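Chemist: Next come the chains, spelled out residue by residue.
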Amino acid sequence: MRKRTQLVGFEFGYWKHQQYASEFLDNALDAIEEFQWKELQEGDSRTQFSLDQELTLENLSILREAKKDEINQPLSNEAKFALMQEIGHAPTETSNVEIESINEKEDESGEIVDKEELEVEEEVKRIIEDMNEIIKPVEPIVDLEPIVIIRLRESEAATFLTSELSQKNVMSYTFEIFDNGIGMHKGDMRKFGKYLASSKSQELKQTRGSQGFGAPSAFSDAQNTTGKPIVAVSKSKNTIYATVSEFFTTSKNEKKYLVRPTDCSSPFLHGTYIKLQYLNVKYTRGFVDTYIKETALLNPHITLIFIDPYGKEWIYRRLVSSFPKQPKYAKPHPSSTNIGDLQDLLTKSENFTISAFLQDNFVRLSSKTAKEILKIAERNLEDKISLMILKNGFINKLVKRSDLIYFFKYETRVYGRSTKPRDKLIIYNIDSEELKNKYWESMDKNNNFDKDLEKLYKEIKKHRNRIDKSETKKDIKKIEKEISNLLKDIDRIFQEREKIKNDLEKIFKDNTGLKEAKKLNNRVELEDLINEVQISKVKPSELTNNQFNSLFHAFKSIKYMSPPTDTAIPVGDIVLENTLIKEIGLKISGNIDDFDAPIENVKMSFDILQEELKRDQDKQQHIESEIKDITLTPEDVKNFNSRILVSIDIKDQYLEPEEFQKTIEKKLNSTAEIQKDSYREVFDFFAEIYTKDDDFVSAETRPPTSGKGLAYVVEAALAYCNDSKKLDTPKRSRDVLSRFVNRTPKLRDSADCAITKAVQSVNWKNYKLDVYDNNLPKGPIKLLVNVSGPYVHLMFKSQSKNALAEDEDLLKEIKFCLEAIGRRLRVYLNRRANIRKSEKRAGLIERYIPIFVQSAYNIVSQGEGKYKGKISEKELEDLMRNAIGVKVPPKIKEKKPFAPEKIETIELEPKKVEIQWEDTGIPKKSIPEKIKQSDGLLSEKTLLNWTINQLKEYCIDKNISLPSKARKSEIIKFIQEFYDKGKPEKRIPLDKIAKVPLKIEPVPPGTIAKKRKQLQIAMGEKIHQQPVRKEPTITAKQPKPTLTQTQLPIITTEKILDALSEDWQPITALIFKMKIKDMMDARFLQIKLKELERKGLVMVETKMGKKHWKSK
Amino acid sequence: MSSKTESKKWNMEAAKKLFQEYLKKSIEEKKKEVKLPENTVQIDNLNRQQTLERIYKLTDSLIDMIYENGRPSIKLPSRASANIIWDEENDLLLLGQQIMEKQFHSLGSVADMTRLMKVLEKVNELLIKDMHATKREIFYSSVQLFGDQKNSDKCIEDVATMLYTTRNSTHIVASAKGSCIGRLRIRDRNDIIDLEGLGSGGWTISPMLDNIEILESDAEFILVLEKDAAMIRLSEARFWRKYPCIILTAKGAADIATRMFLKRISKELQLPVFTLVDSDPYGHYIHSVYLRGSKRLSYESPFLATPDIKLLGVLTRDLEKYKIPNDCTIPMNQTDIKRTKEMLNEDFVKKNKAWETDLKLALKLKVKAEIQALSTFGFEFLTDQYIPEKLSTGDWI
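Taken in order, these protein sequences are the chains called A and B.
No gaps in the numbering here: position 689 of the first sequence is 732 in my numbering, and each next residue is one more.
No gaps in the numbering here: position 116 of the second sequence is 132 in my numbering, and each next residue is one more.
Quick caveat, the hints were computed from the structure, so don't treat them as lab data.
Just so it is clear, the structure is predicted and the values come from calculations on it, not from any experiment.
There could be a bad hint or two in this list.
For the chain A half of the interface with chain B, some residues (derived, Cβ under 7 Å), not all of them [claimed, not checked]:
(1) 884
(2) 894
(3) 899
(4) 902
(5) 903
(6) 904
(7) 906
(8) 915
(9) 919
(10) 922
(11) 925
(12) 926
(13) 1142
Yeah, the Cβ is synthetic: ideal placement off N, Cα and C, and Gly gets one too.
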């Protein structure tokens, strides 16, 4: 008997366990997905999985349940009902029906006893009992929840089996798998287990397996090692009974039944159950469990339960509430089709012409390309058969002058028994010398061209060989250029030959000089040749060998468009991120989502409040049934907003409601845009505080690519965990990276795989990650890479489908994907390092505080400053200590856009500490303050943002006379005119411009805040005496952006200027701020910054070799 | 003293002429104040009370900041070399207006801030008690905090700039090593000292110059020597008896006290000042420090520098002129050449053509010589021939 196990390589070893798991688990997942997709297509489906329920499987234990069953009776209907209610599924009508139908089934199944032998009946009963053992505990949810259960049990192998193997630790294993997928009906069941009978190989889609080798090979291995049959139970939604069968597969690819497919009742509506036994070395952890764990990672839409031989249950509950999109059926792309595939398709084809066949069976094959293919094929055939197709007939191509020239032509004649004229192939001999000479003239030319062609082909071949040998890209390019030149020559020759054909056509225009050859010995042969050369008229299924070869040659020699990419369905970056977060238990602030929302809601708070009031009123209406008007004053909105903001507490600091109210009061007159900005800054600040202890997770899904005839999607996810209990730095490099192809984990041959190679090719040190010796990233990280596509089976290195072949495009895609994640990781790690640093700083700074305060206190107590006898050391120390590690909250400063007419002299700016020596009498020279351009001139844009009232106020302020009924645009015009006239007036001495920055500081606790106010007054700060407020602009102290990157950045000068603040920032900060994801965009930003630098709009300084920018 | 040398007495024509000029100029100069350029920081020489007031002002502002947000910070003019400006008009090195901010809540400057505060505390104490302390004493007031004297020295300078005043106003003094001898009478608090009658050692310049009062002098010029050895030679010869002058030396690089004292006497007595240094780049550098201040203490230059000082010798051209034998000169090494080239790059050297020529000559000949090289013509050559001749002929730079 042929050893079929070699087909997929079931060998003794730890991997064999995993192989079993993977073969069947893949099928199970495919079946479940297939079911759900089908149900979804039907639209009004009642049997589809409901995915809204939150699963709580913590208390679920199949083993415990199984034990209970031994004592207790199986759940009665009432118990089931109760359990379902407990889980949160009030039984719907369908489920009631279901229970009833099960009852019915049982009744009906009673009949089987009469028909079948008692032995078989017993066997079936045993099988069902076995099956129920694992299904019972999940019975309440078995039809609602996509679920796969795998159980592996160990038992001592029979001695007669192991002695032969002379291995001590060989055990017998019982493998059971249940899925509630689409199930098989009887017809499918009959095929099940046979090689190449996969239902999935019919259409090429993005599925896990497709050829139909896996399960049959596993079956053979199972029965080869233990001699025990395979049990399969399956039920599809449309049948009442499940089909039970027990069988062996034979070497003839047939099945030998122990239990013929028998109907029986089942606890599930649809699904498949397989049970088999195999021998293998003793089970150890790290293979099957890893496989299942990783499968669960990329298939979060399905609940996975695995019970290992030690009795440990691994439960991976469903984490998402939606299934992935159904991949489209994908026609093969010509570039990825090999000769065998084409042959297969041709023999199966029912098309009448090759052209139709090509267009029907391949993607990216239009009628035009099909024509092209046929033309090339025909040309090829012409050369092979030495016949020329002319428009009005055929002529044979000859080299020797002694050969006879034939001309073939279809003429409508009456021949045979029929009386109607029909097309008949007439063969002519060339009679006249003149014609002969003309023919030879053309033919000689043609033959010369043929020789030239051969030479050219040879040369091209030579060049191709040179490419293989040459090393530098430059050389290769050079040779490629030469080749393309040669190809042009070839094209020219083809054109020339077409001309010759035309000439020949002219020669044989009419029948003059032709003599019909009536009696020919080789007439049939010649007729065959004529048929053969006309490939475009042959049925695809009737191609001759010659024709097929020419066709394939033509098929492959044409350049096609890349295949469409919609056939590749990725898992999705959000799903990946969420799965990793839930699976590892990463600490990612959920609050970050909350922070995203308010930014958008700023404008809406009015509406929210209105709705709220409405709701309240509605309630009241029920009681009092009277209608009130909903009135909302700005005051209410203010209060509402402050309430929201105050409810956010950061550590132990609180925002003072009054403080915020003040801010909002100020902002109330400003435009929505500015309101939004100011809130955003506040929220950014909060977000940063909140997320500083976060772990990192980031996923990237590349847009689908198609190269070399394969469409695929690359995606990757990376988690970085600070908690070593959750995720530690793996000791082995291979544990860092999990490779997936079409959501299927690949555990073996990792070193060989293109994914590994791509990961190694990334310079992880760039992204602040350590690396192992083999250049895989090292750290408390988990890296997932998934390649999805309908044709990935063609991308594997070998039949075992464990390693992807190295393809330049694939490697590049993976690399780009990882680099995108790497960039985000670097930002995260830098930020984390900064936080660490500031923590360290806190300790260091704290040590210095008492010394500093002591010195200051001594000076104050000995001297005659204003604080003499007013301060205590402890108070100062506490104040300073509290400031450690606190990020300076964004100060909502208010800059007056214009200097008021009345001159206020405020000597000291509260923020800037400048020492003034009034007493010394020496003229003090301080740094002249920079004049801000914006102080003087208001651009039209800003003016446009103002309301009419503001503009009017402004004009009154500036003594600009306005007509009483001026429109907004007119007012702006007036203001601008005023500017032009009044420029010299505006040169107000610098030190006289009053600048009262208004600060709202949410931080200080009560007592100190009060004290501070006193101080400010003492210092002569006049907060309330400020002149009429104008458009406030807000500057924030470098609010660091959050980790969310949503919008695609558009890099405009304004945006850059927005991103720049008064602090020095490196380009990385800007990139992050502007949410730039793409390297190209970052480059562009760099260029833009240089441009701005040249124009003098920004300030530049080089710190530690890096350029830093800040706004002017 | 041999009778041979006594026979020839130089008339000191040139030096006297210069002295006259100075006297004339001083009368004019008294009318106009020295104006510093716009873009520099004004440093004031303050008395005790003024300094104290500045300290309190500063402390108050710090406490203000603590009350405001708990984050005190100090702003002081940067003393980086980029911020040092050569004032062409007054021939001084001055501080530019770059301001740096030291924040307490930053890892880089928390230690500096605390040290500054400590120094400020000590300065406060010194001023209140009207006492002086040396840098070393300040360092030992809190060795743990300062760690190294380098740190405390830096802080002492920072405190001075922070208060926009001179080092001397902070009552922290550097231990003076200079000495002075010659025709000068001064009062140190209650003691009247006649510098002519102090034997061969002379008077050690006191760092506490605010206690010194200059009483009278009949000297015609001041001679600054680089080395003590030359000082011994001159004092042994009782040089000032023959040629009325004040001689002082800093025994190497010029310290603050010596420079300040020189500045003081030259200004008060309106005397021309001549330096006699080795003919090597280091000697020239010492001259330049007397001339316009060092870079490190540039902010104090107006109080330390003596802009009109003349370089008497030993000039490179003198080596040829006096035919000093080759075995008395030393060939320049690489560092010497480098230093000379650096000197040539300085603005104030470029402006002084004679000086530039001399340095270029040194670079060409690649030799250097010490003052002692002149002893090759006998020990008396310096006192009896070299100095008087140069002073009489005006052979200086």
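Chemist: Run every hint past the structure and note whether it holds.
Modeler: Results for each hint:
1. 884: 4 Å, holds
2. 894: It holds, given that the least Cβ distance between residue 894 of chain A and chain B is near 5 Å, below 7 Å.
3. 899: It holds, given that the least Cβ distance between residue 899 of chain A and chain B is near 6 Å, below 7 Å.
4. 902: 5 Å, holds
5. 903: 6 Å, holds
6. 904: 10 Å, violated
7. 906: Cβ of residue 906 of chain A sits 5 Å from chain B, so the hint holds.
8. 915: Violated: closest Cβ of chain B sits about 11 Å from residue 915 of chain A, beyond 7 Å.
9. 919: 5 Å, holds
10. 922: With a closest approach of 4 Å, the residue 922 of chain A hint holds.
11. 925: 6 Å, holds
12. 926: Constraint on residue 926 of chain A satisfied, holds at 3 Å.
13. 1142: 14 Å, violated
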